[in-house]
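Here the protein sequences come in this chain order: A and B. For the first sequence, position 457 matches number 456 in numbering that gives the first Met the number 0, and the numbering has no gaps at all. For the second sequence, position 235 matches number 234 in numbering that gives the first Met the number 0, and the numbering has no gaps at all.
No lab work stands behind these hints: they were computed from the structure. Values in this document were obtained by computation on a predicted structure and should not be read as measured data. Virtual Cβ for every residue (Gly too), placed ideally from N, Cα, C. Do not take every clue at face value.
Among the chain B residues that face chain A by a calculated CB cut under 10 Å, a handful are [unchecked claim]:
| hint | residue |
| --- | --- |
| 1 | 51 |
| 2 | 54 |
| 3 | 55 |
| 4 | 57 |
| 5 | 58 |
| 6 | 167 |
| 7 | 188 |
Below, simulated DSS-like cross-link-like pairs (lysine-lysine); rule was C-alpha separation at most 27 Å, straight line [claimed, not checked]:
| hint | chain 1 | residue 1 | chain 2 | residue 2 |
| --- | --- | --- | --- | --- |
| 8 | B | 157 | A | 525 |
| 9 | B | 184 | B | 23 |
| 10 | B | 107 | A | 519 |
| 11 | B | 51 | A | 72 |
| 12 | A | 71 | B | 107 |
| 13 | A | 519 | B | 108 |
| 14 | A | 244 | A | 72 |
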Amino acid sequence: MSTSQTIRSVVIVGGGTAGWLTAAIIAAEHRGNRDQRDDLESSVTVTLIESPEISTIGVGEGTWPSMRTTLKKIGISETELFRECDASFKQGTLFRGWRNGKDDIYTHPFTVPHGYESTNLVPHWQSFREKVDFSQAVSPQNSLMLAGLAPKQIVTPEYGFHVNYGYHLDAVKFAKLLQKHCVQKLGVIHHSAKVVQVNSDSDNYILSLDTDVDTTVSGDLFVDASGSRSLLLGKHYGIPLHSKKQFLFNDTGLASQVPYVNEDDPIASSTLSTAQKNGWIWDIGLPSRRGIGHVYSSSHTSEERATEELLNYIADTVSPEMAAKTSVRKVNFEPGHRVEFWHKNCVAVGMSAGFIEPLEASALVLVELSAAMISEQLPENRHVMKIIAKRFNQKFLYRWERIIDFLKLHYILTQRTDSDYWKDNQRTDSIPHSIAEALDLWQWQSPWHQDTMHVDEMFPSASYQYILYGMDFITKQGADRSSSRDGSLASKRLFSENIKRTEMLVSSMPANRILIDKIKAFGLQKI
Amino acid sequence: MSNFVVLNKQEHRHINVITDHSLKYGDGVMHAMTFPMEFRDIQSCYPIFFCKDPDSGQFYPAALFGLEKGENLFITDSGWDASYIPMMVRRHPFLIGFQNDESYPEGKKPVVSIDLDHPRVSDAGGEILFAENGESSDYLKQSMILLESIHQGHEQNKVLIEMLLEHNLLEEFVVEVTLRDGSQKRLSGFYTIAEENLYALGGDVLGALNDKGLLQAIFMAVASLSRLRPLVEKKTVTIS
Chain A
0 MSTSQTIRSV
10 VIVGGGTAGW
20 LTAAIIAAEH
30 RGNRDQRDDL
40 ESSVTVTLIE
50 SPEISTIGVG
60 EGTWPSMRTT
70 LKKIGISETE
80 LFRECDASFK
90 QGTLFRGWRN
100 GKDDIYTHPF
110 TVPHGYESTN
120 LVPHWQSFRE
130 KVDFSQAVSP
140 QNSLMLAGLA
150 PKQIVTPEYG
160 FHVNYGYHLD
170 AVKFAKLLQK
180 HCVQKLGVIH
190 HSAKVVQVNS
200 DSDNYILSLD
210 TDVDTTVSGD
220 LFVDASGSRS
230 LLLGKHYGIP
240 LHSKKQFLFN
250 DTGLASQVPY
260 VNEDDPIASS
270 TLSTAQKNGW
280 IWDIGLPSRR
290 GIGHVYSSSH
300 TSEERATEEL
310 LNYIADTVSP
320 EMAAKTSVRK
330 VNFEPGHRVE
340 FWHKNCVAVG
350 MSAGFIEPLE
360 ASALVLVELS
370 AAMISEQLPE
380 NRHVMKIIAK
390 RFNQKFLYRW
400 ERIIDFLKLH
410 YILTQRTDSD
420 YWKDNQRTDS
430 IPHSIAEALD
440 LWQWQSPWHQ
450 DTMHVDEMFP
460 SASYQYILYG
470 MDFITKQGAD
480 RSSSRDGSLA
490 SKRLFSENIK
500 RTEMLVSSMP
510 ANRILIDKIK
520 AFGLQKI
Chain B
0 MSNFVVLNKQ
10 EHRHINVITD
20 HSLKYGDGVM
30 HAMTFPMEFR
40 DIQSCYPIFF
50 CKDPDSGQFY
60 PAALFGLEKG
70 ENLFITDSGW
80 DASYIPMMVR
90 RHPFLIGFQN
100 DESYPEGKKP
110 VVSIDLDHPR
120 VSDAGGEILF
130 AENGESSDYL
140 KQSMILLESI
150 HQGHEQNKVL
160 IEMLLEHNLL
170 EEFVVEVTLR
180 DGSQKRLSGF
190 YTIAEENLYA
200 LGGDVLGALN
210 DKGLLQAIFM
220 AVASLSRLRP
230 LVEKKTVTIS
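Chain B extracted, bound-state conformation:
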C-alpha cells in the first residue's frame, strides 16, 4: 500500500531515492499513463493505447510494456531497456497532491508528496533529496520539473480525450497475438485511434485539433502501433 505524505525539508532530510529500474523497485507494470507532450518519444519505443480508469471509466492514453498483468518486457537485469522512459514511470516515488487552499484555482493547492512506502525510498544509495545545507538536490529539482509537466499533461489528456470522443476517434482494439510457441494472448479493454474516422475529418476539425496542439500527438499514437510487433517479439524471446 502507498503512504503518501507532503514532502518536507526537515522530516525527509535523510531520505534517498533509488533511480535504477527493476521489478523490485515497482517497475513490474503492464502499462503506464502517458501524455501528448511525450508521445513523440513514447512512440519510438512503445505502442500507445487508450484505456479506462477502473474507478471512473474515464479514458487515458497509456504506453504498453507487456502483454499481461504485471509484465514489463523492457525490464532486464541491467535496467529499463529503452531509449526513453515514460514520465509516469520516472516520477516515482513522487506525486502531486492537493491541499485545500482558497487562493488557488478550484480551491486546490498543488503540493509535492512522497510515498514513504515505495520500494525506491531508502536510507542509503541512490539520489539524495536535500543537501547538507537543506537545499534541494539537482535530482529533486528535476523531479519537481517532471511533476509540473505531469500536472500539465493531465490537463492536456483531458482535452485530448474530450476531442477524441467528440469526433468518434476512438475504437475498441482487441490485441490478439500468437506467440512463436503457438500460445495465444488476447488483450481486451484497449482502444486505439479510429483511423477511418480520422482520415475522414474535415479541415475545420483538423484545424481545431492542430490549434490545441493535438494533431501531431494523434498521428504519433497511430504510428506507435508499429511498436506492437517488437513487443510481441520480446515476449517470444522471454518465453524461449
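In isolation and in its complexed conformation, chain A is listed as follows:
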C-alpha cells in the first residue's frame, strides 16, 4: 500500500454527543475549504454512521466554557441551544460536604481570580482566610453561584458574558441538534446502520466498514465515537484500557431525572456536588428537570445503600414525594483510558477513548479538544498521519494524567475519616506521584502560572487554587516569596475592586430561570 495515500474522507462511528460534535467541528472547519477551492481533489467529506438500536448514554450534562467557542465555530446560535436542548447556565461547581461531611461549602467558579494575569492573590488572602472564603475574596462568581443568578443579561450578546460560563444541557437533545446542524448546514453524510465488519488493508489500516443494511462505507480516517464499546480502537485493534481505579475508585453511577416541584422553581447556576460516604451526588439543574445521580465505588458500598443515599438526597432537596416516584438507572464503568488513542488511521473520541468519572465534567471538553486537534491537524496523507498520531497520543496521555491528578486532588484534601472510602483516598499508594509532589511544593508556595507546563492546559493553576483553598489547604504563611510589597498594594486594590464588582453583579444579574425564559421568548442578539 502506498504511504502517500491522501486523507479525504473522515468516517465517524457513533451518534452520541461525541460523534456529532466531532463531525460538526471537522465539517465546519473543512467545509469552508471545499466551497472555496475549485479542485474537488482537496475537499474533505465527513460521514457519520449511527446505529439505530443503541441508545446514547446522555449522562454527561455539564460543559465547560470552551463549549461557547465550539458552538460559535460550528455555527449554532446560543438561542437555538437554549430553545432546543433544555439548556441552562453553569458557572462552575458548588461542593458540599467534601471537607468534613457536615455543612461545608465551597465553589470552583469558571472565572479566574481577579487580576490573575499579574497578581497572585493567595498570599494576600492568607492574612484574612479565616474571615472570607477564597473564591469569595477573588471572584464575583462565588456570590452569583450561591444566589443562583445568571452570568449575563438579556441585553448581553450571545456567547458574551459578565462572568465566564458553560452549560448544563440535555445531552440527548444536544446530540439531536448537532445532528440536524451537521446534516442540514455542514454537509455531513448520515448513515443509520450498524457496523458489522471492519475491512483492512495489508498494512492493517482500516479501508471500509460493512453495515447491516448492505452498504460499505469506505474512508481514509476513522473516528471511533462508539462509546465504551470502543468498536474500532478497542474491539478491532485490541488497544487495551488502562485502568485508573487504584487512584479514582468510583466505578458506578446511579442516574435519575427529577422534575421540579413547581414549574418555576429556581434553577441552580452551578453543578451541585455533594459528597457522600462512598462517592458523591451530582445535581444538575435544567429548565425542565434536575439530573441527579450518585457516583460511587462499588468496592466500598452496595447498590442498595448507594440508592438509599441518592433517594434521601432527593427527598431532602426536592421532596419526599418526588423521591418516592424516582426511577434510577445504573451505569457501570471502568475508570481509565486507552493506552493509546490514535492507532493507524483510527482515532478514539469520547468514552471509547476513556472515562473517569463526572467530577469536574471533563468528558465533553475532552471531546472538544480531541476533535479540535483532529480537525486542525487533519493529516494530508498516511505518512504525516503517523507523526500526528504520535503527537496526539502524547498530548492526550498528558491530559488524562492531569485530569486524574486534578480529580484526585478533591479527594486527597478531605478531612473526612467517616468511611474507608475517604480513608483509602488519602492512602499514599492511591495518590499519583505527580500530584503528591505538587502538594509537597504547595505547602511552601501557592500554585500560579509556573505550575502548569503547557499553554493549552486543561486545568489552569487558578483551578488548583480554587480547590486547594476551598478545601482548606494550608500553604505556610510568609513562606510564599511571591508576596512582595508591590503585590500587597495591588492586592488591596484588587480585593476592593472585587467587592465592588460583586455588589454590582449581584444587584444586576437576573435569576437563572428568568434569563432562560427570556432567551426562549426573545432570543439573544448576535451583537
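Start from chain A and add chain B according to the hints.
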C-alpha cells in the same frame, strides 16, 4: 409609578393635560424611542442610536437628548428647545393599550389609555380632553392621531430592526466624549448603522430596503450622527 386606565368620556371628563415641557413634567429622559416615519425630522435635531430594551434585549431606534441617565439637554426654562419634539415625548400621558378581543388581529383590540399619575395630568390649566357636550377636544383628537402613528411606528421598527440585523447593518458604538472642562463621558450600550456594510450592499438588498420604505430612514440615521457634536457642546455650556 404609572397608573394606566382606559380613557373614558364620563370618568375623565374633567381631566386636563399640561403640554408644556419641563423636567417636572417627566421630560428628564436621556433618550426616547423614535420611528422611521419621523427620522427626517429627528435627524435635524438629535442623534439617532439603536439600543436594547432591558427587558427583552430587542433593539429599537432612539433619539438621544443627553449624555447621562436622566439628562435632557434640550430642556430649558422656556421649554423644549428644538424645532421638532419626538412623537414618543409628545404622546404623554397617553398610551395605546390592548384588550383581549377575538374580533381584532391577534385577538387584541387597541384602546387609548391614560396614565392618571403622570405629572402632566392636572385638574386645571393645559388642554381639556372633552368639551362640555362630551365631544373630544382638538387636543385629544390630535393625540389619538399621534397614538395611531406610534402604533404604526412600532410595526415599522420591527421590520427595520429585522432588516438591519439580517444584513449586519448594526454595530456597537461607544460614545466617548471629552468635555471642554476635560472630563470624560463614556456611553455604552448604543449601536449605530454599520456604514461599511451599508455601502457594500448589493442592488437587490438596497432595492428591498427601499421597497419597504426603510432606505431613506437608514441614511437619515447615518446623517443624524452629526448631531452628536452639538449635543456635546450643549453639555459643555451646561457645565460652565
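Right, here's what the structure says about each hint:
no.: 1; hint: 51; result: 4 Å, holds
no.: 2; hint: 54; result: 7 Å, holds
no.: 3; hint: 55; result: 4 Å, holds
no.: 4; hint: 57; result: 6 Å, holds
no.: 5; hint: 58; result: 7 Å, holds
no.: 6; hint: 167; result: 8 Å, holds
no.: 7; hint: 188; result: 7 Å, holds
no.: 8; hint: B:157 / A:525; result: 16 Å, holds
no.: 9; hint: B:184 / B:23; result: 25 Å, holds
no.: 10; hint: B:107 / A:519; result: 23 Å, holds
no.: 11; hint: B:51 / A:72; result: 25 Å, holds
no.: 12; hint: A:71 / B:107; result: 38 Å, violated
no.: 13; hint: A:519 / B:108; result: 26 Å, holds
no.: 14; hint: A:244 / A:72; result: 36 Å, violated
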